[in-house]
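So the sequence lines, in the order shown, correspond to chains A and B.
Okay, so the first sequence: first residue is 1 according to our numbering, each after it adds one.
Okay, so the second sequence: first residue is 1 according to our numbering, each after it adds one.
It should be emphasised that the hints constitute simulated quantities derived from the structure, not laboratory data.
A few of these clues could be false.
[To be verified] Some chain B residues near chain A, calculated using beta-carbon distances under 8 Å: (1) 49; (2) 50; (3) 53; (4) 54; (5) 57; (6) 75; (7) 78; (8) 81; (9) 94; (10) 97; (11) 113; (12) 117; (13) 258; (14) 265; (15) 288.
C-beta: ideal position from N, C-alpha, C; glycine also.
2 protein chains.
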Amino acid sequence: MKHITIKDIAKVLGISKSTVSRALSSDSQNVSKETIRKVLDTADKMGYRKNEMAVNLRHRSTKTIGIILPEAETSFYMKFTSMVQHLLQLKGYRLLLAISDEDFINERSNVELFDKYRVDGLLISTCHNKANYDFYESFIKRGIPIVFFDRIIQGLECSSVKSDDYKATFFLMEHLIYDGRKRILYLAGPDHISTTADRMRAYHDTLSKHHISYDPSLVIVTGTNEEDGAAAMTAFLDSCPPQEMCDALFCFTDLQAVGAKKVLEKRGISIPETISIACMSGTRMAALVSPAITTVERPMLKMSEEAVRLLLAKIEDINTPSEKVVLPAEMFIRASTRRK
Amino acid sequence: MKHITIKDIAKVLGISKSTVSRALSSDSQNVSKETIRKVLDTADKMGYRKNEMAVNLRHRSTKTIGIILPEAETSFYMKFTSMVQHLLQLKGYRLLLAISDEDFINERSNVELFDKYRVDGLLISTCHNKANYDFYESFIKRGIPIVFFDRIIQGLECSSVKSDDYKATFFLMEHLIYDGRKRILYLAGPDHISTTADRMRAYHDTLSKHHISYDPSLVIVTGTNEEDGAAAMTAFLDSCPPQEMCDALFCFTDLQAVGAKKVLEKRGISIPETISIACMSGTRMAALVSPAITTVERPMLKMSEEAVRLLLAKIEDINTPSEKVVLPAEMFIRASTRRK
DNA sequence: CAAATTAATGGAAACGTTCCCGCAACCGTT
DNA sequence: AACGGTTGCGGGAACGTTTCCATTAATTTG
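Start from the sequences, fold in the hints, and give me the full structure.
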């Protein structure tokens, strides 16, 4: 497939490629109207498309942003990406996407790939909290604009956006407690996710604020999927003596909650009468099941706006001071915690 | 941010950049072991990363594929993209992603952007069936490898992969009919989606095969979302005389089905006893609600494999004959059509 | 041991742009 | 009429690679 170049256009019109280049550029300075018309005409006729590779090489900038997602199971990251793409498009940037599948080896190689590709900046939601700290530290030192979103890495000298998980957890926990719940089973997220710690801290803090003693048997660390939630719930119900049964369930993700909910329903435990359910990391899924599940959602739109803003600021000037943006989450009280 | 180039390495080692380039290349022909070691060493020390732009320009190939999705609401496209990325990564390709948001103006400009970016090939699920037929026709003529997936465009001279919607619809409809359902309400998809026609045809054909007369009031053309499903269901229930009530619901997407199901439940209509529900375009959502919804799912994995295979074949040799792959869908009979 | 082959390297062109510089023609001003 | 400024254009270097070709040194071969 032979691509048309400005040289071809120049030859056809009997002018130099400098003039063609000028005529094709958006400001078109120092070219006669007549020439511009002719160039645009024949370019169109010959099916010319500017080779962005050459432009990038010459300009030493790609007008491309890389975004790295930890997974593509939940709708959150995808929608977030979609929003980011729109915002970036307006600013003349393209998006390069990679998915790490919760594997930090992948994440790392994705970052390196994008770097070789000379992306102007990186948007990252990491799968591990600590594992690649050193890696990113040296990366950032090399002067590459990076903004972490949603799942961030503590202590790095860079901008980030996340939702206020501590406050959100606190809110949901108090919501359960004010409803009279005292034995709140917590299906926690895996250690490597950065939000796990914040939420765990909030879980403890709410309990102690309300003078409820902490019972370690009520905390189960598990995966984030439906199956994980179902398995954890089953294990708990099977092993728990009746007098130690929980009266509420607090999940790390809505998928977990849906899985656990199915188990409860199968065993004839009524929701929310016997056990009420609330969860973090809500998506539309939480609203679609019935009873719909009380949840907090990450403020996707605001988050994408902030992420793009912070990244473009760093791209504009790498010495822009870093900002750690923490956004309030959106709360949705639904039937799973509403006694009839 | 000053990037290290092979020239810098050459200068440090006092050798020519040709030699550095050779040492850095994967086959490393005609370079002494000693030189290779030295080059690799200092490259690492200096933090060298190959500039892919320059490589692309020189090689006239970007090792990049563009994928264009119609939307990012449902998990299907995202997971599909994730699978495709994995497959392409193994072959040394990168993925560039764009989302058209069901707007063919966007779709078009996305294609043009990727073209300027000299992607080696394009993976497209289109939002409109007819609107941009001419556009793609001239595009394909220019010799750019394109494979359409899921939502294809009829009549184009190119490869494509889709699931067998006709057969799947037929199967689900017969499943309902064998259960004794005679008045099957069909929430159809919007006209512009390529699969709409196939499914509509299958709807008619199943009815006539089983000598059930077609009642136009049982077909409602609507959007694919939960809200669309709920609105259509409400409208039908409100306007339908009791003697003309339907005994089954057949939806275009699982989101529609979930929306409609909520309306039915709110009105105390029992599922599946009074009205059973089946739907096309199923995702995990259909399994998560209760009662879980009978559905057919597109064979994501197989589809992604085929799409990649077809595209790489075209990239390898643009004259590879086009293939129109039609894959059998996966059937999931669930509680929404299972009388207790 | 001379000739032929092979191995290791350097020089330079090319990929498709942009943009600086220089030149010529034209304009208006003094 | 001489001058400075503007306009329109062409030449050519540069961006960072790869790769062909030429050159030299080292090795094999008859």
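Consistency of the hints with the structure:
| no. | hint | result |
| --- | --- | --- |
| 1 | 49 | holds, 5 Å |
| 2 | 50 | holds, 6 Å |
| 3 | 53 | holds, 5 Å |
| 4 | 54 | holds, 6 Å |
| 5 | 57 | holds, 5 Å |
| 6 | 75 | holds, 6 Å |
| 7 | 78 | holds, 4 Å |
| 8 | 81 | holds, 7 Å |
| 9 | 94 | holds, 7 Å |
| 10 | 97 | holds, 4 Å |
| 11 | 113 | holds, 7 Å |
| 12 | 117 | holds, 5 Å |
| 13 | 258 | holds, 5 Å |
| 14 | 265 | holds, 7 Å |
| 15 | 288 | holds, 5 Å |
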